[in-house]
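> The primary structure of each chain is shown beneath.
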Amino acid sequence: MQATKQEIIDKLRQDISAWEGFRPQVPGEGESFGLGPMEQSFQGRVFPTGVLHEFISTGPEETAAIGGFLAGLMQVLLKDGGICIWASFSRRIYPPALKRFGINPDRIVFIDVQREKDVLWVTEEALKCKGIAAVICETRQLNFQESQRLQLTIEQSQVTGFILRKGAKLVPNTVCLTRWTVRPLKTQLRPGLPGVGHPRWQIELIRVKNGRPGSWTVEWKNKGFKFIETRKELLQRYA
Amino acid sequence: MPKRFVSIWFRYLLTDWKVFREHSLSGLPLAFTQPDHGRMLICASNSMAEQFGLRHGMTAADAKVIAPGLRLFEEKSGHNLILLQHFAEWFLRYTPLVMLDPPDGLLLDVTGCTHLKGDETAYLLDMVSRLNDMGYTVRAGMADTIGCAWAVAHCATTGFIVPPGGQRIAIAALPPVALRLSSDILLKLNQLGFYSVSDFIHMPKSVLRRRFGNSIVLRLYQALGQEPEFLLPLIEPVPYSERYPILEPIRTREAIEIAVHELIDTLCKRLYAEGLGMRAATLTYLRVDGKSGQLHIGTNHPSQRTDHVFKLFQQNFEQIAPALGIELFILDATKTEPAIDKQSLLWSGKSGTQSEMVAELLDNIAARIGASNIHRYLPAEHYLPEKIAQNTIDLNAQAADWRSDKPRPLQLLDPPEAIEAMALTPDYPPKQFIHRKERHIIANADGPERIECEWWEQPDGYRDYFNVEDEEGRRYWIYANADKYWFLHGYFP
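Going line by line, the protein sequences match chains A and U.
For any residue, its number in our numbering is found by taking its place in the first sequence, counting from 1, and adding 44.
For any residue, its number in our numbering is found by taking its place in the second sequence, counting from 1, and adding 254.
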């Protein structure tokens, strides 16, 4: 009886998520993003595509770090060819730097709008287009209704959308599947070596639907993510 | 097919225009003057003024004496050309080939157009009566040659439509002035007693040339159709152009949408049949009040899909001001390219439809926010970081390899922001820097990497770049220029 109750609840959860427009991710169906332990946080243990991801940035340093993480994800999304749209109002991204993260900058079409409110229009139009691999939207504001609109568009087209919120004062609730922050961390080279090492970030998954939030220390090395176990985690493991 | 030309002569172009603008002046003797050597000379007058014996070139003072109540206006030079230009655009509803014939005429190539109004008489009558309704006195002539049409329009009293091949009979009865000759030749002809073209039309070419020069022979034979004469159209006709005349002028958005959709459909079908797609198109609408307007679109790939082209135009429909109604739409495919054959793409297994979808998306975006805001970058052969990427919008342009041997920041400040920095040793990274009142203690640094300008851009301009990391793990790209001022140029991820 107990098991059936659990089964009923699981079934209901799945149904609700289907009604909300989320396609269940089948393990091994999509490309592997090489996200290792991070993938345990998601339903089906696969990084979800065809949904909205939201990144919160408080300063240019964090925006740059998010850009690096995004570029790492895009590398997988753009593997089979395709075009990515990067819509922004005040863009500072420097295309040649993306090459270090495994993307050819010429595969991204940058759309720099003159009016801030056009960003969401461009994003919605781009999300409607099934021929696009992913859409990145740099914006300051995104309220609940706007995110709903984008989500409804995505349900039709199954394009992956990334919302990069720069310098937002208020962070209202949205229907995005996940919410992330990425903070740059001090790099570490082998002891004694001078200079700056590989980019290293503290990636925090603040919110995720049907999953477990978490926080990871990640390094970008040899065109892939490398997860660093912190001292605390190591102690926990060997305790 | 024999050519047919129409010559339109505005008998009183400037004065009719004045009356059109100010109705209170109708029925009054009017004249326009222009300054000449300190005097005011009459340069245009209407029929009422001419009844008093006014002639062109008369001084304004004399004219006022012989014509009581004469109203004089100063002529702005080139005004007649502006008016003619407007009329030429207005005449596009009759034929696509219109040429100005200064000072007060227009020439139209109406080959194959006359059936639009039934026959030649109805066609010519329609033009003249509509201009008369506007208050313009015009004379029009139609013939197989430009010269003959001009001659009958200016000099004939009857028979304004010369039947095909009837040029010789038509011009024989006219005075020599009908041949568009210069005044000294006309004077000579008059002195010799040639009062009509029939007096010398039968003379051999060599005799005429010896007596009066080459121009009389040229003009005579042009009028007869034995020498070629070309019409240089005001607007270059576009090979892929479609027109949609509307019987009852339309002004509602629904009606305009239906009309434009039909028009695009016709053109797209034609392009499809020829394996072409449009890259740029112009929609011109002509209103009943003689005004016109245009909408332009451009596409990223050759398109022959009606719905797509219609959607691009639809975004700009707010710009159409129909006023009293639109009576004609013209759609010109100003730029066409061979369209990609979708079926062959299907076999080759390329994702042709995908790139087409992307191109259509970009067209839509460009139509709303402007194509200049869409960027795609290709590597450029420059060293300065600001110039390392060249901008393109062509989706099919292939990129060379991007360099990735040197670390570059993901966020670049343009322009770089000045910082206060202290380096203990010259050419070494600074120990700390202050940017926007925030102090950053530098923990690690790489560099310097010297980037120099090309010598033709700026002689001995160089920058020493450092890739630095502060104690909180934030990474920056800073440089010192040749004058040892420090700048923050970017943020590393």
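Take these hints with a grain of salt, some might be off.
As a list, the in silico EDC-like pairs of lysine to aspartate or glutamate whose alpha-carbon atoms are at most 16 Å apart [unchecked claim]:
#	chain 1	residue 1	chain 2	residue 2
1	A	Lys265	U	Asp659
2	A	Lys267	U	Asp659
3	A	Lys174	A	Asp124
4	A	Lys270	A	Asp156
5	U	Lys565	A	Glu199
6	A	Lys230	U	Asp700
7	A	Lys172	A	Glu199
8	A	Lys230	U	Asp659
9	A	Lys143	U	Asp700
10	A	Lys143	U	Asp659
11	U	Lys685	U	Glu726
12	A	Lys230	U	Glu725
13	U	Lys589	U	Glu572
Just so you know, the hints here were simulated from the structure itself, not pulled from any lab data.
> For the pair supplied as a hint, Lys230/A and Asp659/U, confirm whether the alpha-carbon distance does not exceed 16 Å.
violated, 22 Å
> Holds or violated: Lys589/U and Glu572/U, Cα atoms, limit 16 Å.
Roughly 24 Å separates the two Cα atoms, so the pair is violated.
> Is it true that the CA of Lys265/A sits at most 16 Å from the CA of Asp659/U?
It holds: about 14 Å lies between the C-alpha atoms, which stays within 16 Å.
> If you draw a straight line from the CA of Lys230/A to the CA of Glu725/U, is it 16 Å or shorter?
With Cα atoms ~7 Å apart, Lys230/A and Glu725/U stay inside 16 Å; holds.
> Within 16 Å, alpha carbon to alpha carbon, are Lys174/A and Asp124/A?
Distance ~14 Å between Lys174/A and Asp124/A Cα, so the pair holds.
> Please verify whether Lys270/A and Asp156/A have alpha carbons no more than 16 Å apart.
Not OK: Lys270/A and Asp156/A at ~33 Å, beyond 16 Å, violated.
> With a cut-off of 16 Å on the C-alpha distance, tell me whether Lys143/A and Asp700/U pass.
Violated - the C-alpha atoms of Asp700/U and Lys143/A are around 20 Å apart, more than 16 Å.
> Take a quick look at whether Lys267/A and Asp659/U sit within 16 Å of each other, Cα to Cα.
With Cα atoms ~13 Å apart, Lys267/A and Asp659/U stay inside 16 Å; holds.
> Are the Cα atoms of Lys685/U and Glu726/U separated by 16 Å or less?
holds, 14 Å
> Taking 16 Å as the top limit, are the C-alpha atoms of Lys143/A and Asp659/U close enough?
Holds, at roughly 10 Å.
> Need the status of pair Lys172/A, Glu199/A: alpha-carbon distance at most 16 Å?
Roughly 9 Å separates the two Cα atoms, so the pair holds.
> Does Lys565/U pair with Glu199/A here, judged by a C-alpha cut-off of 16 Å?
Status violated; Cα separation ~23 Å.
Taken one by one, the earlier hints fail for this structure at numbers 4, 5, 8, 9, 13, listed in ascending order.
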